[in-house]
Amino acid sequence: MLLATWPLAACAGRQSALDPQGLQSDQIRHTLFIFVAVAAVVWTAVVIALGIGMLRRKRAADQPLDLHQTFEERTGRVILALGIATTVIVLGLSFVSYAGQRTVFAKDENALTLKIVGHQWWWEVRYEADSPHQNFVTANEIRIPTGQPVKVELESADVIHSFWVPSLTGKMDLIPGQKNELQFTAKNAGMYRGQCAEFCGLQHAHMAFDVIALPPDEFGRWREHENQSAESPADQLGKQGEALFRARGCALCHNVSGTLAGGQLGPDLTHVGGRRTIAAGTLPNTPATLGAWISDPQHIKPGNLMPKMPLQSDELIAIIHYLEQLK
Amino acid sequence: MSVTAESNELRDDVLNGLQLSGQLERVWRTPSGLVGALMSVDHKIVGRRYILTAFAFLLLGGILAMLMRVQLAGPEQTFLSADKYNQIFTMHGSTMMFLFAVPVMEAFAVYLVPLMVGTRNIAFPRLNAFSYWMFLFGGCFLWISFLFNVGPDVGWFSYVPLSSLQFTPTKRADVWAQMITFTEVAALAVAVEIVVTVFKLRAPGMTLDRIPLFVWAMLVTSFLVMFAMPSIMVASTSLILDRLVNTRFYDASSGGHPLLWQHLFWFFGHPEVYIIFIPGTGMASTILATFARRPVIGYPVVILSLIGTGFLSFGLWVHHMFVTGLPQLGAGLFTASSMLIAVPSGLQIFCWLATLWDGRPVYRTPLLFVIGFIVIFVIGGLSGVMVASVPIDTQVHDTYFVVAHFHYVLIGGAVFPLIGAVYYWFPKIAGRMLSERLGRWNFWLAFIGFNVAFFPMHFLGLIGMPRRVYTYTADMDWAHLNLLSSIGAFVFALSFALLLVNVVYSLRKGALAGDNPWNGSTLEWATSSPPPPQNFDRIPVVKHRDPLWADSESLPVIAGLSAERREVLLTSLAEAEPQTREASSEPSIWPLLTAIATTVFFIGSIFTPWAVLWGTPPMAVTLIGWFWPSGSKEDEE
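Sequences listed follow chains X and F, in order.
Take 3 as the starting number for the first sequence in the working numbering and just add one per residue.
Take -17 as the starting number for the second sequence in the working numbering and just add one per residue.
Hints are computed from structural coordinates only; laboratory data are not their basis.
Virtual Cβ for every residue (Gly too), placed ideally from N, Cα, C.
Please note that a few of the clues may not be correct.
[Claimed, not checked] A few chain X residues that don't get close to chain F, going by computed Cβ distances all over 12 Å:
1. LEU116
2. GLU126
3. SER133
4. ASN137
5. PRO217
6. GLU220
7. GLU233
8. LYS310
9. HIS323
10. LYS329
[Said to hold, decoys possible] Computed spacing ranges between beta-carbons, pair by pair:
11. X:LYS241 / F:THR219: 57 to 65 Å
12. F:HIS462 / X:LYS109: 33 to 41 Å
13. F:THR219 / X:GLU130: 40 to 48 Å
14. F:GLY312 / X:GLY94: 19 to 27 Å
15. X:ASN190 / F:THR219: 49 to 57 Å
16. F:VAL486 / X:GLY94: 45 to 53 Å
17. F:ALA493 / X:THR89: 45 to 53 Å
Let's have the full structure, built from the sequences with the hints guiding it.
Shown next as structure tokens:
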């Protein structure tokens, strides 16, 4: 049954463990397939034995059978042999598992290191280089170079979350008071969806992110650009938006590098205009969704920590215009 | 030792059969009327209530499951809000684990174990009554809270810090933690009663190697309860202290650690699975033997498997924590120990298969459910081997693969044999047979519905669907499998509706059962259906593992117990040789009053620490009432 329906799901999905794009996820799928194959054989054998047992006797008995039959002694040896076989299979699978585990969790000293902090309900991503002026912070979107090991250091700002990008590798929890880490290597350029996997409260369902794997030189250019402070808006509406961004309290929670906005509670918005999604993978990033989000965040993602701001529609338009320019 | 009794005492060897029956019935009967019902300490009455209450919670938990399946049937449904959904999945898990699965297994044991070991009442009958009331009040407390919108919403596992005061400032987590305390009390009390009943109240001659397999299973289960429950007790008490009086057991910023919760919780939580599963295997063994018309092959192997499973179940809790960043080598060792539990489970299955091979099976509804159990449970066991592997677990942990896995284990491994057990023992409890025709419909709907509901979840997990999400978008490609799963879930629910119809119909119209309708071999079939208050007029003597098959003409009995007051016979632990006669409790209202006082104390303490002060005197009064020495003839000597 397992094997028969396997191809059904083999290539589906945006965050599928069955469609590995990383060295680690590839290894995990390999281990999984060995287990599934063994399981399918064992289950089939049990069901066949059960079927034979059910059909073997033609006639049902009304009375209990003679209680002193010799069948028991002969079966005893068979059961013992099957017990030993089970033990051997189990130990074999343990070794397969351990070999897979060593590969998946192998460490590379030259890995690119990122720090990821889980928040209710979004992801803070910190790129920290050797010299502090090369550091920058982004949110809900992780860009990495292909072919190079990436190490993510995982921390939590509030409750337990779990970092999970099935296409690249398995998950790892973000636990307050504990530093965990995870290494993975993307084989191919592409965009891989990830999602929080540990129940973290009301909006657990809306805590997604993208991992975008770029060829190394492209990644380098992106990193250079991301390291720049936000450019001041050129047009009047943008300038008005920037002023409103401060005046209406956005800047209390959000940071925009190079401006007076230095809030640390919400996602860093320095380059928010360049991101694909808003609200941790909940909506595509367009002026319309951005407007909907700012004017009533509780409607889109009830319980999130962004308050509803009383804004006039022209104020809203100015702020959207400003944020759109932050690329 | 009081083996020599007063000369004027009425004994069961001086009365003839009919007189004795009437006399014992008068002595052991529960008083009539409402007060009498509230005073009952008869294990059959308590057991029946326990079973019915647990099934009522199954119904409630099942309704919640259906609500979730409606919400998840399609992408971006707005049937439930995030808040409702989180409460519902928490209530579903908590209800099924704490208010259905464990209680229903213990409930069957409360009803059946005294009958199966051939005694007149369970050990500590008042504690038994108390335990039921605690279970009832704790369950009602949880559900009333839910209906008033203070139902817990942090998962049946209540991980800190999410369940801490900082992130759950409402009373929701307190409600959950206190409900745990209620069920701990109830579960522990029954476990103690079962162990003592099995060790000290067995019929003469029922040596350790003649104990029925269901009784063995419940004995092992009771030990698991006694060793696992204290762990969750420590965990939930620490949680409530953190929340109510500001201790810092789990607060990482003050030297506590959130992982402490997970260790304590899973040290209980994993054996919990076997607390539910092992009774299921006991039921399966019993049913299989009766309908295959031969004793289960490898009786000692089965018992050693039960014990082995019990021991191993304490050595693998860490496989719930593979993605918390524990050291890799340790995790690898827990992989091996987790997988090893497949060996005793496998041995039991081989024994059952051999029994079917050698027997001449009669395919009635109870046996169908046992066969369904084997087919389903093996899938759950094999997917369990997968989640025990660290690399595989890092992908499937907290996804629908795990949801599929543990429903295969818990429903396949426990609910299927349980429904088989309902069909099997209903005639004993109710005196009437359940309809066989409806039974077959029930089985096939359950078997097909279950697999359609849960098999697709394996794939959903592998293609990335996390657990505990109240919604998902259409572009995730999870919609088709979710719809299929929801349809299956409703078919599965229909099978339970059919069971309910069958029970209601058969209580009135079912064929009369007679003492032993299935031709079973164990002692509960040696008395009438339903059994009289005293269970047995004379205590049977056991000379074989299958007494009713070996001594089918007439069961030997022992005489000499008092016929004018409640007495049970104590026997030795290993050989079950008669040792002494022991008084058994009279009906009493104190267990109920004590349970009420305890409930007021616990619930009050959520809202005000002062409840610890004003809640104590009522508890003290009721406990004094409970333990007030009552005079007996022997005391007057």
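The hints, checked one at a time:
no.: 1; hint: LEU116; verdict: holds, 17 Å
no.: 2; hint: GLU126; verdict: holds, 18 Å
no.: 3; hint: SER133; verdict: holds, 29 Å
no.: 4; hint: ASN137; verdict: holds, 24 Å
no.: 5; hint: PRO217; verdict: holds, 25 Å
no.: 6; hint: GLU220; verdict: holds, 25 Å
no.: 7; hint: GLU233; verdict: holds, 33 Å
no.: 8; hint: LYS310; verdict: holds, 17 Å
no.: 9; hint: HIS323; verdict: holds, 28 Å
no.: 10; hint: LYS329; verdict: holds, 25 Å
no.: 11; hint: X:LYS241 / F:THR219: 57 to 65 Å; verdict: holds, 59 Å
no.: 12; hint: F:HIS462 / X:LYS109: 33 to 41 Å; verdict: holds, 40 Å
no.: 13; hint: F:THR219 / X:GLU130: 40 to 48 Å; verdict: holds, 41 Å
no.: 14; hint: F:GLY312 / X:GLY94: 19 to 27 Å; verdict: holds, 21 Å
no.: 15; hint: X:ASN190 / F:THR219: 49 to 57 Å; verdict: holds, 51 Å
no.: 16; hint: F:VAL486 / X:GLY94: 45 to 53 Å; verdict: holds, 51 Å
no.: 17; hint: F:ALA493 / X:THR89: 45 to 53 Å; verdict: holds, 47 Å
Against the hints set out earlier in the document, no violation occurs for any number.
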